[in-house]
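Enquirer: So the protein sequences, as listed, match chains A and B. Per my numbering, residue 1 is the first one in the first sequence, and the count goes up by one each step. Per my numbering, residue 1001 is the first one in the second sequence, and the count goes up by one each step.
Keep in mind that the hints were calculated from the coordinates and are not lab data. This one's a predicted model, so the numbers in the text were calculated from it and none came from an experiment. Certain hints may be false.
What the hints assert, rightly or not - Restraint ranges, calculated between C-beta atoms of paired labels, are given here: (1) B:W1324 with A:R17: 42 to 48 Å; (2) B:K1256 with A:A63: 49 to 55 Å; (3) B:G1085 with A:K189: 51 to 57 Å; (4) B:N1045 with A:K189: 37 to 43 Å; (5) B:E1431 with A:S2: 21 to 27 Å; (6) A:S130 with B:L1379: 49 to 55 Å; (7) A:G312 with B:Q1437: 54 to 60 Å; (8) B:K1080 with A:D6: 39 to 45 Å.
What the hints assert, rightly or not - Here are the computed lysine-lysine pairs in the BS3-like style, where the Cα-Cα straight-line distance is at most 27 Å: (9) A:K70 with B:K1388; (10) A:K188 with A:K108; (11) B:K1388 with A:K28; (12) B:K1167 with A:K19.
Here a beta-carbon is modelled for each residue, glycine too, at the ideal position from N, C-alpha and C.
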Amino acid sequence: MSQSVDYDRFINDLSARRKVSPIRELTKLFTTAPPGTIFLAGGIPNGSTFPFSRMTVELKDGATFKLEGKKIENALQYQPTPGYPPLVEQLQKFQTQVHGLDSTFWQKNSLLVSTGSQDALCKALEMSLSEGDPILVQEPIYPGTSAIIRPLNANMVPIGQDEHGIVPSALRSALSNYGSPEKVSSMKKDVPKLLYLNSTGANPTGATIPAERKKEIYDIACEFNLVILEDDPYYFLHFEEIDPVSFLSMDRDSRVLRFDSFSKILSSGLRVGFVTGPKELVSRIELHTQASTMHTSALSQAIVSSLLDEWGSEKLLQHFKMIQQFYKGKRDCMLASANKHLKGLAEWSVPRAGMFLWIKVPGIADTKKLITEGGIEHGVILVPGKDFLAYDDAQSQYFRASYTVASPEDIDKGFARLANLIKAEIA
Amino acid sequence: MRKFGLLSKALPKLQTKNVPVEHTSFMNELALERKPSILRELMKNHATASKNVVFIGEGLPHPETIPFSEVSFTLKDGTKKVFTGSELVTAINYLPTQGNPKFVQKLRELMDRFHAPLRWEDRDVIATAGSQDGLSKVIEMSLQKGDAIVVADPVYSGLVSNVRPYKAQLISAQYRKNGLDTVEMKDKLTAIWSSRSKDVKIPKILYINPVANNPSGHVISDEQKREIYEIACEFNLLVLEDDPYYFLGFQDELPKSFLSMDTENRVVRFDSFSKIFGGGLRAGWMTGPKEIVRIVEMHMQVSVLHASSLTQAIVLQILEGQGWEGFLDYTKSVKEFYRKRRDQMVALADKYLTGLAEWDVPEGGMFLWVKVKGVSDVLAMVMERGLKKDVMLIPGHAFMSDPTKPCPYIRLSYSLVPMEDVEKAMQRLAELIKEEQAIESQK
């Protein structure tokens, strides 16, 4: 049932011209060279000149681990671009476990640790898009992604969402505008080739795409020869009994580039994310990374790696459960305030994952105007829905509120003020 | 922007004027169309907003969900720092893209200390995930397919990796015995400006690695820097000063940077802590004209978001602990380490390679750039026969503006390998060269 994908179709001319650094190549060769080989080809500084002797990390559950001796020296030294090798191995095992990957998966696919998942996403879009290319995107869309796409002069083809994410019939219909599946699959220019979406707790709608719908979407992607950019930083931030089923787990064709992040579950500041997908595409991201950041902080990677080692799978899953409980509580707190202050003025669905409440204010045509003119005066700031639209000329009746950080008092105060702001406008 | 008509040899030498450069002229369409990332800008606004305003828009993770309670580091000199509480939150959580504000301020102070006089009205600093990310983003800000860029040959392979996808033409001036051939640079630029041909692209950028040029180890003198800066002014070039070995020049005095003589605000400088605190940290920063820093900031807002918070917190702590005198002493100790190794390397080269090869004594950094005599192209020698002799070197092609041309150079690193092994490698290299010379003379 699986077809083989021609990855050249998804790589633009600039990306295709990236070449491997000869120094990196030699460094790889060195790992398999006979003992006694003397390597004067390296370009790295001498670790004995670095000033650190030890780093210690203490966790809230009482566990501690140290980086010292060779380990700290390593954590301060340049790494292979795909990542700190122990972490790459741990993450491959992690992906295999979480997404039920089969034994042949890693023959066709690879993993790269990135400076946050967004850097990998940015490089994937810069790898693939050319001027004038259409790209299918969920709408509303995370503005960080649209900010990458716009200057590339690619055209966003927005696909609307309901409370379960993008609607397959809308996706099919948008694609059919470009021609039949046979025609679209074979063209390189002027047709959409990429589909960008959040799988879980979408930003800003909070929607999670159920497994059945994902299968429908995946089938459409196969028919029209799309690559799915599965941007999933909230994967573990759900409020269900079991983890969602990902596009990666059903990817028989190897046409999914999946972006994972530790930002919402371990640390945002360490800048550790990872991309999993077809070797031909991940290698292009690798080459771009090689020329820019080189790799993400080795220290950050060593810390994450040591923590994963320290905890093992069981404690890690416990940690995720703790986070889920925590954010569920925060969500419920926000819903209570919303019910108290915004009933009759606004509408919303209960988020089943993620960090956001997506609030519709039927009585207002343009929430951006409302918050820009009245927000400071009334003392409340939320993100207006317009910021999440593909096109500048559209208006939105929505606000995005986040329940993750604000205190219960602030949330309540904020919604009371929002209610006043809305009433003042409608009056 | 300076306008040039027909240039002739009679063109009077231009004085360096204090005319601010129009920076948008160095930006391609992609850069000009970048807009700030709304959510990252919101974070900035939140930091400066009144306490009476409730922000319930931002999607930040809650500190309670972070599993860390304490992160500490100990230095070899015994100093220890523990990050807990709010300091840990700053070290572990999202930051503004420009960087940890205290760290960014420290970097400005560092620049004032080492590169004064600087005018901060039209310049700024941004912390980057390694200095090369800053460099990469400025290249991506400026280049279009087929553009020309001025470099010194041999040139850092990382720069080549960034410009090759744009099919960039590299206009090179050679390093010679007494430094960079600025006459060659000026002649080539004059010829380009005089050319009527559509195929000849006028370069907008000059890339230079002025202290311990990777791979050749040359250090450009302060005087020659002034000459080069004048050329940049005359031909309206943006100067990309890539200076990761700034503290690893073997002279007693620290060099004067291009930035320190930048009266026209046309220098973008890339600094790094990689060679002194550790490349793994990804601790670099960029200093340059505000408009250019802003473009790089906007690109970073949608890619890396910001350099590692922990890295920034750690480096800030070290700099605060050492003070500038302490920092300078520390960098001197690192410099001494590499200078000693340079001496040992050069002695071994003298012993084994005299008559077989030529080299200039490296004036800084960690590399010896060797020209093999009697061999026109070392590629096969290094990549096939060298491997068979159990010695791995880098063929110079990686550092030439035209890597397809035959190249007789090799780069040897003296940073890591124990000197007994370096001696063995030199012996093998000497044999390798003799064998290669024999092969070549039979052709």
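Enquirer: For this structure, which hints from the list above don't hold up?
Expert: 5, 6, 8 and 9
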